[in-house]
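Heads up: the sequence lines are chains A and B, in that order.
Going by this note's numbering, the first sequence opens with residue 1, and the numbers climb by one from there.
Going by this note's numbering, the second sequence opens with residue 1001, and the numbers climb by one from there.
Derived by calculation from the structure, the hints in this document are not laboratory data.
Ideal Cβ positions, reconstructed from N, Cα and C, are used throughout, including at glycine.
There are no misleading hints in this set.
Residues from chain B shown here face chain A by an in silico Cβ test under 8 Å; the list is partial:
no. : residue
1   : Phe1120
2   : Thr1121
3   : Gln1130
4   : Glu1141
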Amino acid sequence: MSAEVLYTFEVILNGLMAGVMYALVALGFVLIFKASGIFNYAQGVMALFAALTLVGLQNGQVPFAHLLNAIFGTDMHYFGWKLPTIGGVPVLAIVLAVFVMIFFAWAVERLVLKHLVNQEPIILFMATIGLAYFMEGFGDLMWGSDIKKLDVGLPQGGNLWLEEATAGWGGDAFYGFYIDNLDIWATLFAAILVITLVLFSQYTKTGRALRAVADDHQAALSVGISLRSIWVIVWSIAGFVALVAGIMWGAKLGVQFSLSLIALKALPVLMLGGFTSIPGAIVGGLIIGVGEKLFEFSIGPLIGGATENWFAYVLALLFLVFRPQGLFGEKIIERV
Amino acid sequence: MMDGGSFVTPDGRTIGDVLMEVRNITLRFGGVVAIKDISFDIREGEIRAIIGPNGAGKSSMLNVINGFYHPQDGEIWFRGAKRGPMKPHAIAHQGIARTFQNIALFKGMSTLDNIMTGRFTKMRVPWWQQAIWTGPAEREEVENREIVEKIIDFLEIQAIRKTPVGRLPYGLQKRVELGRALAAEPKLLLLDEPMAGMNVEEKEDMSRFILDVNDEFGTTIALIEHDMGVVMDISDRVVVLDYGQKIGDGTPDEVRGNQDVIDAYLGVAHD
Chain A
1 MSAEVLYTFE VILNGLMAGV MYALVALGFV LIFKASGIFN YAQGVMALFA
51 ALTLVGLQNG QVPFAHLLNA IFGTDMHYFG WKLPTIGGVP VLAIVLAVFV
101 MIFFAWAVER LVLKHLVNQE PIILFMATIG LAYFMEGFGD LMWGSDIKKL
151 DVGLPQGGNL WLEEATAGWG GDAFYGFYID NLDIWATLFA AILVITLVLF
201 SQYTKTGRAL RAVADDHQAA LSVGISLRSI WVIVWSIAGF VALVAGIMWG
251 AKLGVQFSLS LIALKALPVL MLGGFTSIPG AIVGGLIIGV GEKLFEFSIG
301 PLIGGATENW FAYVLALLFL VFRPQGLFGE KIIERV
Chain B
1001 MMDGGSFVTP DGRTIGDVLM EVRNITLRFG GVVAIKDISF DIREGEIRAI
1051 IGPNGAGKSS MLNVINGFYH PQDGEIWFRG AKRGPMKPHA IAHQGIARTF
1101 QNIALFKGMS TLDNIMTGRF TKMRVPWWQQ AIWTGPAERE EVENREIVEK
1151 IIDFLEIQAI RKTPVGRLPY GLQKRVELGR ALAAEPKLLL LDEPMAGMNV
1201 EEKEDMSRFI LDVNDEFGTT IALIEHDMGV VMDISDRVVV LDYGQKIGDG
1251 TPDEVRGNQD VIDAYLGVAH D
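Isolated chain A (complex conformation) (with noise of 0.2 Å):
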């Protein structure tokens, strides 16, 4: 094989890596719309918040530091103690930082959702935006604003063995495949977190009341389903999966408040899967990292790079254009 067709397959395969970081993110945001019809503008700072939370409570960092010394005219910043890890991977701080996120969904729906009930969904989508904000702010005095550096014990840089075993393939000029280790981790959880939702969501009381309570809010009710509970349940695992989306994106870019960002990157993939579908994310992630890359390493030569910035939403605007219901989305049938 030509070293230019191994190029292009290494650009495809980091695509599509870069693809599962994006659905990542779209996933949450899927949750929560396919459950109350909110567009949760908040998913994006919901990753940044869960990360800084796993990276404070990991490194012993004193919540409200900067408030409590300004109170109390203190100075402490760190209690001095780092959580225990197994192998390098702080499990301990993670399952905190879950509970932190369970605990973030259940005042979410009683500060807010629960006031708003019935209301149009450009409040709701209002609201969000508020949350958003509110939570950024929050974060800051929570955890301070400065960058910090997330090691959850995966290995970083490119896989060794992948680029001897490959590097073969191609003659002289093609030193083998470089994809990032973290990439590769990143890929797996992500599998393994979309299997384990759709298999919650197919065969369990649970699952089933989400997809129900998705479907007909009257009906849900009249078979015992409180949609005050399910709402809970939903900002929570949308909370879970915002933390290993924070987690990825955290161990790869450092935790930065920028970090609230990526949910931009998360809309062209919402507009092409569809806002309903969880595959529809999951291909609409692929679809648009492998589209980005071929397209920056094809044509952005030609016409000066820095083309990944845009790329994603003039293929997610055809897209409305020809299905705006998106790949896998719910036809939009209007009766008149």
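Following the hints, position chain B against chain A.
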């Protein structure tokens, strides 16, 4: 005949004590009075019909019983206790299941999954245990699945077990919805126009299922119907509503002879 304890119907079934009683219910929407001072009871084991012309307040009454609407005045007694204002999902947990006039199934889900949601109140393993599929979670799923399969056999819908219900014809959807309500093993089953929009054959099938449910499981059934013919054949007692008021209550024969009821159905002018 209606006073005191249980009684025996002409076809030999024993009707028990009062299961549910509504007392002086009044329901208003703004200035519109949908239900005005209505009282009646439903006894254990009976098939109780609520009939009346369009706009008589039948569906509103059902929605009051199942908690979608909260009446401004009146009391609801269920199983000997007065019921405070409750959310519909909590009422479902008390053992009241229902179907809807315009069919409210989960259209994207299969027949099996729809009926499984009917088991919601009977499944108690917490959700985090389901998420990691513990032993109790698996056992509960299997046990409830078996019960649902029995209901599917009972309603003769084995052939459409895996079909998304949105694709089923109307008559079958009605039957699946009945299955979902039955799956809850309700103490009181509310049927909102179970035969609306059906052809004669489908109506006969549905009547048979309603009678079989009552006969085999002893389920108390309250049903609303627009069409008097079928109702008179299958129900033990009938409440007749007109313009939000009760104009008749008794056995089908008593109601049939009631002048107010005849007037309401034949459209005699109200003064």
